[in-house]
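J.: Spelled out, the chains give:
There are 2 protein chains.
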Amino acid sequence: MLDPWANQLVEYEKLFGEFGLKRIEEGILKRIKNKGRIFGRGIVFAHRDLDKFLEAREKGQEVAVMSGIKPSNEFHLGSKMTADEMIYFQKEFGAKVFYAIADLEAYADNGVTLEEGGKFAVSNLADMLALGLDEKNAYIWRQSQEVRVMNMAYLFSKRVTDAALRALYGEKEIGLYFSALTQAGDILLPQHPDFGGKKHVLVPVGADQDPHIRMTRDIAAKEGLVLPSSTYHVYAKSLSGEQKMSKRDPLGVLFLSDTPEIARKKIMRAFTGGRATVEEQRKKGGEIGKCVVYELAKFHFLEDKELKEMERRCLCGEVLCGEDKEMVAEKVCDWLKKHQERKKKMVKKAERILEVGE
Amino acid sequence: MLDPWANQLVEYEKLFGEFGLKRIEEGILKRIKNKGRIFGRGIVFAHRDLDKFLEAREKGQEVAVMSGIKPSNEFHLGSKMTADEMIYFQKEFGAKVFYAIADLEAYADNGVTLEEGGKFAVSNLADMLALGLDEKNAYIWRQSQEVRVMNMAYLFSKRVTDAALRALYGEKEIGLYFSALTQAGDILLPQHPDFGGKKHVLVPVGADQDPHIRMTRDIAAKEGLVLPSSTYHVYAKSLSGEQKMSKRDPLGVLFLSDTPEIARKKIMRAFTGGRATVEEQRKKGGEIGKCVVYELAKFHFLEDKELKEMERRCLCGEVLCGEDKEMVAEKVCDWLKKHQERKKKMVKKAERILEVGE
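Those sequence lines, one after another, are chains A and V.
So the first sequence is residues 36 to 393, counted in my numbering.
So the second sequence is residues 36 to 393, counted in my numbering.
You can't tell identical chains apart in this list, so a pair holds if it fits in one copy or across any two.
No farther apart than 27 Å at their CA atoms in a straight line, the calculated lysine-lysine pairs in the DSSO-like style are these: (1) Lys154 x Lys193; (2) Lys193 x Lys233; (3) Lys207 x Lys257; (4) Lys207 x Lys193; (5) Lys68 x Lys234; (6) Lys373 x Lys154; (7) Lys257 x Lys234.
Honestly, the hints are just simulated from the structure, not real lab data.
Because the structure is a prediction, the values reported are computed rather than measured.
Isolated chain A (complex conformation) (with noise of 0.2 Å):
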């Protein structure tokens, strides 16, 4: 049983056999023009009816690409992920964008009220755009405001058995089924009458919110609306390398809005694949896989050109994890000084998109 609530690592190699995800295998690679980070180094790797939605786009149909956030703190490099997926959909597809801003989940699961939320919203609306989505060819809702979302969580609490969520999510307290119902209507909501009806959607998320992506197949299915195709990327992990990179662990996390200062120090102090003594990592060359810094790299901040060049001089032990340290984190702090200023001009339009403020 997965578990969207918990905060745990999935083993990847089970959602294959039991959850029925596929790899990302080269026949759906060929279909994709430009890769990018996003299927060009391994972030997404499977899915579910990912073949459909490029059918459907070959076809020259409408499609969207669908996600939200809960606005209870700053972006971190795990929901830049996400939104980096959304961005690279809505660029190389053409995808709308749908983006639910879960403030209602915010306030009953972490008590931030709807007007802090509103505070949230706006400032990670602003990464967003920052990050480069187009709001022209996006819809996005609080929540809060969004009456056809609750109608439609409404109407599936009435089509869902409770065996059903009991089998997807095991025994819960009603309020999370009640998230989940709501999480099913966002997902239809590009399918809703008033945005034009059914079509092809797409939703990236972490392996562990398969559930939500089954329940919303299987209320998609009952309610003639097209099956939403899923994409699955790996976690960003904690900069500690122990767990996924959370809200809930702000030590290992790096934020969007982290000073170029806190940045370095943090990373400075990240996990990486380092040996037992310089010897041995001189002989030996680093462990890349457990590299955290790594993987801020690769995940985030360098070009293919200074990757493969990273990778090399790790893997035979030309450079020790201090001097690599040192190189992602004036990346990481030249990329944040840029990112920030962007962001600070997208604040005003991000609270005209969310009817925020003045």
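Go by the hints and put chain V onto chain A.
T.: Just chain V now, with coordinates in the frame of chain A:
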């Protein structure tokens, strides 16, 4: 356990012992100036915190009365009873009426589309207006359009444990819990900041609806709101004398939209308290407590003097059932004609209030 979704008569006596309802007693009655039929004829027989509601009113505080309807059919005498209560409390205590039109529930449970539901809603509301509702001191909403109720239902779902829901309602499908939480939202809407915040709200219900009241009172306590008060009316029996009058049993039900001819037929076939033989009835009088025709007269159609006379003549065997049926049918037909004329004039107003139609 009371089941608000079953269609059974509740044993009234159990309510006081097991569920903590209080009888309407002299102390309460003394505080009500104009008792009307509601309190004068025992239509309301029990309450929770009615004394607190009266006290708030006596102190000159703003008070409200709340109820709702599932717009899946025309009004019948059961719906009229609740409507009469709403209108009585509005008139007698200056209570603002909050009236929920549960169109989503009508769709989810009965397959009534929102459009059809909109038509029944107009008809139901026109009935309310014809019965005397003052729309200037009322807030009327359709479930599908009132995002505040949905937001509250969402939040409440995180505050209520499964154990509490099961203790109240038994093991049910999640859709029913969802409905219950939405009803809690409806009942607490009058205390939303947009309506001036905390206040005493009276909810007139049938006894089978008490689980909703108990749950809502629990939630109100957790949310720091005033615990809603409630009154409990006796059931309008089915014309067959067997079950409570319900939309699910059309032949036993008198609709406010019935033509006088149909209404007359239904009454002439109704169950009475007649004895096995004419002799026995002449000698012992009728069993008036079992008589549905007497109930119609008492709850809806006869003035005090007429009712006293009906009782006297029945109980001493002076008049037999056939004659009383004729007399009551005549009253009902007269009333229906007048009501239907009044209602016709209210349709446009109802459309305007609900923003339905052109």
